[in-house]
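For the record, the sequence lines run as chains A and B.
Per the working numbering, residue 1005 is the first one in the first sequence, and the count goes up by one each step.
Per the working numbering, residue 177 is the first one in the second sequence, and the count goes up by one each step.
It is possible that part of the hints are untrue.
Claimed, not checked - EDC-like cross-link-like pairs, simulated, lysine to aspartate or glutamate; straight-line CA separation at most 16 angstroms:
| no. | chain 1 | residue 1 | chain 2 | residue 2 |
| --- | --- | --- | --- | --- |
| 1 | A | Lys-1068 | B | Asp-241 |
| 2 | A | Lys-1062 | A | Glu-1011 |
| 3 | A | Lys-1162 | A | Glu-1138 |
| 4 | A | Lys-1062 | A | Asp-1007 |
| 5 | A | Lys-1226 | A | Asp-1314 |
| 6 | A | Lys-1062 | B | Asp-241 |
Note that these hints are calculated values from the structure, not bench results.
Note that this is a predicted model, so its numbers are computed, not measured.
What follows is the residue order along each chain.
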Amino acid sequence: MDDSTREQIEGAIRNNPVVLFMKGTPRAPRCGFSATVAGILDELVGEYKTVDVLSDGKIRDGIKEFSDWPTIPQLYVKGEFVGGCDIVREMYESGELHETLGVRAEPVAPPRVSLSSSAARALGEALAEAKSQEPGSEHYIRVEIDGDFQHGLSISGKQPRDIEVALGTGGASLVVLFDRSSARRAEGLSIDYVQGPEGPAFKLENPNEPPRVKSIDVRSLKEKLVADSSLELLDVRSQKERDLAQIAGSKLLDREVQQYVLGLDKSTPLYFHCHHGQRSQQAAAFFLSHGFHNVYNVAGGIDAWSIEVDPNVPRY
Amino acid sequence: MGSSDIAGAIRDAISQSLPGAQVQVSLGSPGHFSIAVVAEDFRGKSRVACQRLVYRAIAPLMQGDRAPVHAVDQLTTTTPGVSAP
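For reference, chain A alone in the conformation it holds in the complex (with noise of 0.2 angstroms):
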C-alpha cells in the first residue's frame, strides 16, 4: 500500500466516528453485504461515512491491508475496527452494537399481524408438512422485510433475538417470528392467501411501505379515461413527438404544467407517458418525492397504445 492510500484510509477514520467502507453507496449497494450494513447503520445513526471501494482500486486493497481483514464491507467506530457483515449483523441483534455506537436500543413492540383463513390454512398445511420431514425440530413462519420492503415468507428455527407474534385463528394459534429490524416495519402486515395468475399466492400487504410509482397497462388506462375524461394525463415527451401522435386527453409536461401539477393537491392521481415507459418512469419518481403518493407510470407508452387500444395513434 502506498503512503497516499494510507493516509487517505487513516484520514476517513481519524475524521469520521462510523465509516463503513463499503462496495458502492447506501443508496444504490452494489453488494449484498454492503447493502446489510448500511441498512443496519441507516436505522441506528443518522450520519456516517461511507467509502466506496469499488471507485478506488487503490483502496479496496488498501483496506484489507490496513485491517488484516480480506472482505469489504468493513466498519470502523470511533477509530476502531469493529467487523464485517457477519459481526455486526450479530452485534445488531444482541444490541451490542447500539453500546458500540452510542445510541439506545429501543424495544421493540411485537406488530399487530392480521392472517387471513385461507392464509392461515395454508400456512398451517406448510408447517405440518416441515414437520413430517424433520420431526426432530421447531418450526416457525418467518416473515422477513428489508429495506425497500420486499417481503419474504419461510419456515425455519427460532433466534433467540426474535420478536414472537401468536395469531389466533379459530382454535388454531400459529406463531410468527420477526427478526428485530423486520418486525419494526410490520405493524399493520397483513397476510392473504389468494388465487393468482400463476396459481394460489401468498399476498403481504403493508401499509408502512412507502408509495412507488405504479404501473398500469394501457387498456387499463383506456378505461380510467373512459370514465374520467379530466384525469392527469400527463406527456412526458418533447412536442416535435407530440406532432408525431397523442393521446387525447393528454397534456405535454411543460415548465408551466409542471408548475400546475405541482399545486394539486397530493393525493391527486397521477399517469405519466412516454414513448415507451422510460422516461416517464423518471418523471413520476419526481413527482412521487415531491409528495404524490397516487403516481402510475404507462408501461410500454404510446407504443403500447397504438398496439392495443388506438390503432388511428402513428407508431414512430
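Position chain B relative to chain A; hints supplied.
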C-alpha cells in the same frame, strides 16, 4: 476445482492452522461458502480476532480475481462447550 473440492480445501486449511478445530463448510451459490468453526484457540478472544484467525487460514484460497473462494456468506466462530448463536 469443484465446489465440494474447495469446501475440502477450506476444511483442510483451517484444520491445519487451528489444530483440533471442528470445521463445518456448507455450499452456497458457486464460489460462496458458509463456515462454522468450533475451536479452543478462540477462547478469550474477540470476535474480530477469532474471525481473523479463520480468514488468515483460508487467505490463499481467497486471493486474486479468480480465487476459488469468492465470498464467505457466513462465518461463525465458537469455543467448545458454548452453544452457537
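Status of each hint after checking the structure:
{"no.": "1", "hint": "Lys-1068(A) / Asp-241(B)", "result": "holds (14 angstroms)"}
{"no.": "2", "hint": "Lys-1062(A) / Glu-1011(A)", "result": "holds (12 angstroms)"}
{"no.": "3", "hint": "Lys-1162(A) / Glu-1138(A)", "result": "holds (15 angstroms)"}
{"no.": "4", "hint": "Lys-1062(A) / Asp-1007(A)", "result": "holds (11 angstroms)"}
{"no.": "5", "hint": "Lys-1226(A) / Asp-1314(A)", "result": "holds (10 angstroms)"}
{"no.": "6", "hint": "Lys-1062(A) / Asp-241(B)", "result": "holds (15 angstroms)"}
Checked against the numbered hints given earlier, the structure satisfies every one of them.
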